[in-house]
Amino acid sequence: MLLSHSIRKKMKKLIFSLFILLISCIPVLGKELVLGEQLQLKETTKVSEINAQPDKYIGKRVQIEGMIINVCAARGCWMDIASDAPFQKIQVKVVDGEIVFPMEAKGRNAQVEGIVEKLELSHEQALGWAKHKAMEQGEDFDPATITGPTTIYRIRGLGAVIM
Amino acid sequence: MSWRRLNHVLHRDIGYLCIGMTLIYVISGVAVNHITHQFNPSYSIDKAEASVRPVAGKTAPDMVMVTDILKQLHENGQLKNVAMLSPGNLRIFVEGNTIDVELATGKVQQERVQQRPLLFQVNYLHLNKAKGGWTYLADAYAILLGILAMTGMLMIRGRNRTRGLILTCIGFLIPIAYLFVAL
Chain A
1142 MLLSHSIRKK MKKLIFSLFI LLISCIPVLG KELVLGEQLQ LKETTKVSEI NAQPDKYIGK
1202 RVQIEGMIIN VCAARGCWMD IASDAPFQKI QVKVVDGEIV FPMEAKGRNA QVEGIVEKLE
1262 LSHEQALGWA KHKAMEQGED FDPATITGPT TIYRIRGLGA VIM
Chain B
95 MSWRRLNHVL HRDIGYLCIG MTLIYVISGV AVNHITHQFN PSYSIDKAEA SVRPVAGKTA
155 PDMVMVTDIL KQLHENGQLK NVAMLSPGNL RIFVEGNTID VELATGKVQQ ERVQQRPLLF
215 QVNYLHLNKA KGGWTYLADA YAILLGILAM TGMLMIRGRN RTRGLILTCI GFLIPIAYLF
275 VAL
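Which chain is which? The protein sequence lines are A and B, in order. Start counting at 1 in the first sequence, then tack on 1141, and there's your number in our numbering. Start counting at 1 in the second sequence, then tack on 94, and there's your number in our numbering.
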């Protein structure tokens, strides 16, 4: 059965209005954003402590706190948290899609919980890893910056609160 | 009501119900299919270089210096935070802009990030960034699509039977054939 002209006109208006409504529903990162698992630990571990004695923390669940200084530009699958010590940081990596760190989180403070892990990369693996990271960020990659096998300590993120 | 009539009504009404969600998944599906390191389907990321007056001997940020740099760059966005990434390298976080300054040379790299209108919202839903209740709504939508397919199959009859069978077979064969070639 054909719809009358007025009903079609109304439906077009309705669909258009719904699209406008969808566009206006922009989730703005204005307040606290909780991602992944709820934080369980009562105590925070300093990033500088983890960086100073990383082997002590491998496999352990820790909670860290600090400023988000970088976020994966491709998929939001990692972020760098600034240390309490100058010029240091630690990477928080999450399973792609399980937690997505928004780009707007850069410059905000975060509490993160996760498991400390160690990656031991051969020279070739380290080159591939650094190249991949540079591509994700749309940056130039200089192979000369990787001079040999690399050990990376990072946190496998389970939950985060972005403040 | 006969089962054929019921099947027809279900197919029609579920079809109506799925229009909105299908359009969301269609738009986002195409966009996320083309994710590359150069294309983020949810954000537009623009990098630009600039320069400011060099600042010598600073290892910690101070507000006078930061305000001056922002003024030179004509950046009026809301200041979020400041960090020294290394001695002589300052990062300023402004709403929508991340500014890296090499203090000794005054070289600046800006990264402006903006949500892509419509694409950000549809990707947010499609990629289930919302989690929580949306997970169940998306599951319900998937089940409805399944019902739509089943009720559609039961409608293959009458004078359109041959055409329906051929098109349905093609629909099954395309992914199977692709798997044979790809794997």
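Source of the hints: derived by calculation from the structure; they are not laboratory data. Don't take each hint at face value.
As a list, the in silico EDC-like pairs of lysine to aspartate or glutamate whose alpha-carbon atoms are at most 20 Å apart [what the hints assert, rightly or not]:
#1 B:Lys141 to A:Glu1280
#2 B:Lys201 to A:Asp1237
#3 B:Lys174 to A:Glu1173
#4 B:Lys225 to A:Asp1237
#5 A:Lys1153 to A:Asp1196
#6 A:Lys1172 to B:Glu189
#7 A:Lys1274 to B:Asp140
#8 B:Lys201 to A:Asp1283
#9 A:Lys1201 to A:Glu1258
#10 B:Lys174 to A:Glu1206
Outcome of the hint check:
| no. | hint | in the structure |
| --- | --- | --- |
| 1 | B:Lys141 to A:Glu1280 | holds, 10 Å |
| 2 | B:Lys201 to A:Asp1237 | violated, 34 Å |
| 3 | B:Lys174 to A:Glu1173 | holds, 15 Å |
| 4 | B:Lys225 to A:Asp1237 | holds, 14 Å |
| 5 | A:Lys1153 to A:Asp1196 | violated, 62 Å |
| 6 | A:Lys1172 to B:Glu189 | holds, 14 Å |
| 7 | A:Lys1274 to B:Asp140 | holds, 18 Å |
| 8 | B:Lys201 to A:Asp1283 | holds, 19 Å |
| 9 | A:Lys1201 to A:Glu1258 | holds, 8 Å |
| 10 | B:Lys174 to A:Glu1206 | holds, 17 Å |
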